[in-house]
Amino acid sequence: MTNDPRRWWRDLDEALDTPEFREALAREFPAGAAALPEGLTRRSFVRLLGASIALAGIGGCFERPRERILPYVSDQPESTPGLGRHYATSMTLGGYATGLLVESHAGRPTKIEGNPDHPASLGAAGVYEQGSILQLYDPQRARGARIGRAGTGWPDVAALLSPERLEPVVGRRGTGLRLLLEPSASPLVAELLGRVGERYPEAQAHFYSPLDSRESDHASVAAFGRALRPLYSFRSADVVLALDADFLAGLPFSLRYARDFADRRRIAAPTDAMNRLYVVEPGLSVTGGIADHRLRARAVDVEPLARAVLRGVLAIRGGHVLPPAVASAVGDGEPAETPHRGWIEALARDLAAHAGRTIVIAGERQPARVHLIAHLLNAALGNVGRTVRYIDAPILEAGAPSHDLPALIAAMRGGAVRALVVFDGNPLYAAPADLDIAAAFRRVPRTVYLGLYENETARACGTFVPALHYLEAWADGCACDGTASLVQPLLAPLYGGKTEAELMAALLGQPDAAAHALLQDLWRGRLTGSDFAGAWDEALQRGVIAGTAAPDVAPAWRWGDVGSVLEDRPAAREAGLEVVLDQDARVYDGRFANNPWLQELPDPITKLTWGNAALLSPATAAHLGVTAGDLVDLNRGGLTVRVAAFLLPGHGDDSVSLRLGYGRGQGGEAVAEGVGANAYRLLESGMSHFGGLVVSIARGAGGAPLRERLASTQSHWRLEGRPIAMRAALDEYRRNPAFAASENGRVLSLYEPPAGGGDQWAMVIDLATCTGCSACVVACQAENNIPVVGKQGVLDGREMQWLRIDRYFEGNIENPAVLMQPMLCQHCEKAPCEYVCPVSATLHSPDGLNEMVYNRCIGTRFCSNNCPYKVRRFNWFDYNAEIAETERMVKNPDVTVRGRGVMEKCTFCVQRIREAQIAAGIEGAATREVRTACQQACPTRAITFGSLNDTGSDLVRRRAEPRRYAALHELGTEPRVQYLAGITNPNPAMPNDDGGE
Amino acid sequence: MTTVASSGSVQFTDRLLAPAWTPSRVWRVLFAVSGAGTLGLVAAIAYTVSTGIGVWGNNIPVAWAYAIINFVWWIGIGHAGTFISAFLLLFHQRWRSSVNRVAEAMTLFALVNAGLFPLLHLGRPWFFYWLIPYPSRMGVWPQFKSALPWDAAAVATYFTVSLLFWYLGLVPDLAAARDRAPGRTRRRVYGVFALGWRGSGRQWHQYRVAYLILAGLAAPLVISVHSIVSLDFAISQLPGWHSTIFPPYFVVGAIYSGFAMVLLLVIPLRRVFRLEDIIAERHLDNMAKLLLAMAWMLIYSYIVETFMAWYSGNAYERYTYLIDRPFGPYGWIFWGMLTANVVVPQLFWWRRMRVSPPVLFVASLLILAGMWTERFIIIVTSLNRGFLPSSWHFYAPTWVDWSILFGSVAFFFLLFFLFLRFVPMVAISELRAQRHDADTAAAPEVAAP
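Sequences listed follow chains A and B, in order.
Each residue of the first sequence is one higher than the last, beginning at 1 in the numbering used here.
Each residue of the second sequence is one higher than the last, beginning at 1 in the numbering used here.
I should point out that these hints are in silico values taken from the structure, not numbers from a laboratory.
All figures in this text were calculated on a predicted structure; none of them were measured in a lab.
All the given hints hold, so there is nothing to weed out.
Calculated pairs, SDA-like style, for lysine to any residue (alpha carbon to alpha carbon, straight line, at most 25 Å): (1) B:LYS145 with A:ASN855; (2) A:LYS830 with B:LEU231; (3) A:LYS830 with B:GLN237; (4) A:LYS830 with A:ALA755; (5) A:LYS791 with B:TRP399; (6) B:LYS145 with A:GLU970; (7) B:LYS145 with A:PRO754.
Construct all of the structure, not just a fragment, from the sequences and the given hints.
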């Protein structure tokens with residue numbers, strides 16, 4: 001197998017340029033693929049599974065990194081074939097690093113877990129982290145560098161970037177040189193940028209991420225004179241107010257915040273105390289779903305509401321907590337601006353009553369004034385230093401508009417930029433539409449792009465260098481609290497490629513500098529202690545560099561500036577529709593759009609897959625005459641997007657949400673192509689929510705509305721009065737702890753319950769702390785080799801995920817209660833599936849598992865029919881027939897890859913159980929703690945797993961709670977998976993009508 | 001050699017044997033059409049087996065759909081043949097003789113069709129033999145608590161007994177064909193299949209005994225086979241499936257649809273082959289009365305099912321029977337089913353309706369379609385909306401599903417047209433015996449059979 005990048009590049013080049021060639025690629029498939037039915041076309045199958053024929057496969061040729069990497073637990077000097085090893089590394093997203101442990105089998109990574117030692121993870125790994133491993137093996141990743149259209153190697157590109165070749169273009173002082181990066185907190189990047197700045201003093205680095213509005217930094221600079229970031233200690237907070245802030249799932253530190261929040265939310269007995277969450281938001285987010293009180297307001301209306309809350313708090317706490325000038329700048333009561341007076345008053349009273357133990361957090365997309373109001377509220381409530389602390393923003397050049405994208409575009413348009421180096425991200429796709437970035441790029445003579453794919457940006461750049469995925473790279477990063485961690489690769493680069501650091505070193509005239517060496521050089525100077533080698537090994541092994549958490553900064557208020565910012569009020573909000581552009585829970589900002597696991601993961605709230613939709617409240621939709629599935633044109637001042645409409649109970653009125661990250665065009669990412677609508681077309685610089693939206697129904701010839709089928713995994717959201725997902729308020733729980741008793745207790749049976757010695761596996765899922773974030777779903781997919789079926793498969797009802805999060809709405813449709821219930825195989829002691837299988841393919845193990853014997857299954861599907869929970873999945877086709885060579889590498893070798901015609905379902909991660917039991921048997925000890933993949937990934941620790949005979953364990957303790965119940969208890973299936981009913985903590989003083997439960 | 005018979009008897013025999021060696025253009029056309037349909041069936045089956053069950057419309061939760069509907073429908077249809085052969089024989093209903101050959105043939109061909117589906121609907125059909133209790137090297141037997149191995153046993157038994165029964169009854173007629181056929185080749189072929197029947201008294205006596213024994217074996221099968229097929233559903237715990245009335249409900253429905261099929265076949269047959277005197281008005285009348293009786297037993301089953309669902313107070317049962325089936329996404333199919341199964345047979349209270357071949361023909365078509373939709377309603381609505389509303393999902397068939405259904409109908413007719421072409425289509429020996437008895441009764445001095 002030749003590794004000639006030139007040869008490969010020409011093929012891919014042709015593939016990009018000529019649709020016919022790509023059609024021919026698709027037609028080269030073997031005969032079986034030609035037999036796919038309508039809808040699941042060969043094309044989409046190709047796209048879906050990323051098979052690339054013209055590019056010769058890797059053939060399993062992966063290597064360990066040349067440099068030394070260290071496993072998390074190094075008690076074994078050699079690696080044992082068949083046993084995985086965990087290596088610590090970290091993944092950077094949104095500029096911040098989250099520490100991870102990556103399980104590696106036979107030298108290739110197969111599964112991502114959280115790093116219990118890292119403050120941003122504490123053992124949990126979210127949707128993005130779990131899904132990122134598939135991106136490593138994406139066969140559509142770019143494989144070779146190029147200059148112009150000609151494939152080339154790194155030396156040529158490095159030569160192009162070297163000072164000798166670059167200086168004539170940009171000037172000796174680098175006047176014409178610009179670097180565009182994503183926001184970064186990496187010490188290595190900071191160091192190298194500094195050195196580039198020394199070499200080219202007039203060069204400028206710019207930072208852009210569509211999800212990073214910089215508004216919070218602007219607020220911080222206005223309030224404190226420097227870019228400070230608040231860090232919240234949810235574990236100490238009794239009352240939390242989230243102003244359009246999805247802190248449980250949408251922030252870089254969300255895994256940590258979710259854990260801390262859940263620790264205060266979880267109760268073990270009715271007499272325990274739990275926190276209370278108030279949320280104000282335009283849409284319906286995961287955080288809003290678990291809120292005790294939720295107020296729906298347009299994003300543009302959050303500011304007046306925040307002001308009203310601040311006024312209310314000041315009125316109760318007394319004016320002395322803030323300087324009088326500021327207090328008056330906040331404004332006096334204007335009833336016209338506070339339609340939810342009762343709600344706000346009750347909220348303010350609650351906050352004031354818990355002063356010092358509250359948190360007010362403002363969402364990223366809210367304007368600076370709202371962030372300012374949040375800072376003021378925290379100050380007024382005495383939270384600073386207790387539940388809220390400030391650190392210097394770890395992100396480079398935070399709060400400096402001269403380093404933003406508009407400044408760069410202006411320079412480019414003005415002709416001042418002669419060479420632009422773009423480090424990852426996808427600005428040509430994700431830049432605000434009003435900046436016309438494509439035109440600006442055309443004015444720059446030399447453009448270089450470092451990226452994972454030949455995407456929209458790559459095509460606009462003259463030179464392309466393939467980037468390294470973090471799992472094959474040496475780098476470092478900082479978490480939200482400043483904790484630094486190293487990134488160590490788990491395998492040698494699959495396709496060649498470079499990291500940011502190496503590209504910057506080329507700019508400095510060191511094309512051969514390896515990232516490993518650069519990293520070591522940097523940290524040699526920073527790791528404390530005389531034994532660098534030991535400290536380095538420790539850092540690699542633990543995945544955290546001890547003592548690097550940023551110190552607290554006491555904020556020095558600039559009251560004068562604060563007052564003037566507050567007084568500068570915008571014009572009265574006009575009524576009418578607004579559009580809110582959201583981060584997507586699955587593809588983030590679009591960078592994961594080529595990841596089929598993430599495309600097929602149902603959105604936590606809407607349960608939509610493979611695309612986005614315009615989310616409307618039923619009232620707004622009725623008002624506009626829109627029905628679900630209609631294609632609507634969202635028009636804002638000339639910017640238009642056409643997208644299908646989806647009616648979401650609980651969504652705010654007069655607000656349309658649209659997730660970013662879809663509508664990718666033709667390019668190297670075939671899976672992402674054409675999926676969903678491109679919301680970036682509505683993005684204008686500065687903000688991500690805008691008023692003045694006009695929604696019109698797209699109609700075809702003849703006037704009938706155009707429609708599009710949305711692939712959703714759950715079409716019915718009513719519980720139909722069935723006691724399946726149960727929830728009660730805290731005071732009801734205290735009055736009547738046995739409120740779930742109807743779904744609990746003994747069921748009359750002719751048969752004896754099974755005798756159980758030894759390990760008897762069981763699980764408890766706490767619905768009070770499950771946010772529905774769906775990290776567990778991706779974790780299960782990764783651990784158990786679950787295939788992807790594509791959009792048509794989801795439309796046909798054939799999604800394969802073993803674990804699903806059922807999302808029910810209860811109560812009034814305008815502002816319903818949201819119940820999330822993870823549903824998986826219940827491992828019933830009296831399993832209905834077992835006695836109907838004609839060939840004994842599903843059996844019960846002595847330790848309580850309902851087992852599935854794939855080799856014996858002939859696929860009658862009677863077991864699925866008899867399963868009342870409908871958790872069994874069937875391989876309708878051979879979903880693994882044509883996956884690319886590299887995609888094979890992500891498969892977990894401990895788990896069978898199922899063929900066509902067999903049923904499959906959750907096995908309680910039996911491979912992990914058996915591994916632990918075997919290890920225990922060898923050691924002659926009791927079985928060590930086993931953690932299922934879903935349990936391990938969950939940030940709120942809502943899933944508890946263990947043995948019923950392990951008295952004193954978490955499992956046994958939680959199963960003893962009075963709010964425990966079984967789903968469909970009356971059927972007598974005696975499931976081993978039990979639920980703890982959700983408990984909410986509504987404020988008794990809250991009026992019933994406005995928002996809330 | 002046959003006993004000396006009056007020339008009237010010989011003419012009678014010749015007349016009934018004539019279709020077997022009279023070429024017919026109409027037959028060729030019909031055969032070609034059903035042949036084409038059968039090829040379509042084969043293609044659809046090949047496509048399914050090579051690519052996967054995913055080419056059908058099935059999904060989770062609706063994991064069973066057209067294949068099982070077709071299976072139950074075809075087996076049900078087959079029951080009429082056995083009912084006519086066995087039950088009516090044991091109850092000395094002599095009018096059965098005019099239609100029992102056609103009915104028994106229909107049963108066999110319906111069973112052949114039905115037998116396709118349990119194999120075809122498997123995800124891995126090449127392992128179908130694991131349903132059969134053979135001493136395997138893996139040391140694993142079928143799991144006998146499940147109804148599917150019972151199905152395998154029941155259908156296999158039913159097919160065997162039906163085949164033997166049909167064939168035994170055919171033997172004297174094949175002998176007559178052997179004796180009367182023009183052309184040596186024909187006589188040779190019929191001679192082989194006639195198994196050396198001489199028509200001696202001893203042979204007739206053995207024949208009678210064997211026939212009665214087989215009837216005795218086959219009669220309980222009418223009850224048991226479809227009861228077992230109904231247990232495929234009744235042993236589960238789905239609302240709409242696990243109802244104790246299923247065994248008699250299904251048996252009744254089976255006989256009902258089977259008689260409709262017999263009528264459907266017999267009415268054109270008697271016209272084309274001019275058998276109106278053999279398959280007379282009173283035969284049609286009797287079959288229509290049976291249809292009406294079965295319809296009322298079916299109506300009783302519907303009422304009991306629905307009443308019990310309501311009476312139980314169980315929320316899931318009530319939802320399935322009182323809300324989902326009549327008013328859910330398949331409500332229009334439900335009401336169509338009731339029209340065909342409940343309203344249409346009420347026509348047969350009137351004798352004029354019972355003996356009118358066009359009315360009977362159309363009614364039979366509607367009843368057959370109605371019984372198919374009944375299985376659809378039972379299977380699909382219980383699966384599509386189960387216990388957890390989060391798992392509810394719509395089901396729609398694909399073109400492969402339709403191809404297999406219509407292809408199986410074409411295959412059935414292919415076999416039936418072959419039967420018409422080569423095999424005596426009425427029970428000649430029985431009819432002659434009846435005529436002889438009638439003559440003897442008129443003229444007592446002539447010897448007994």
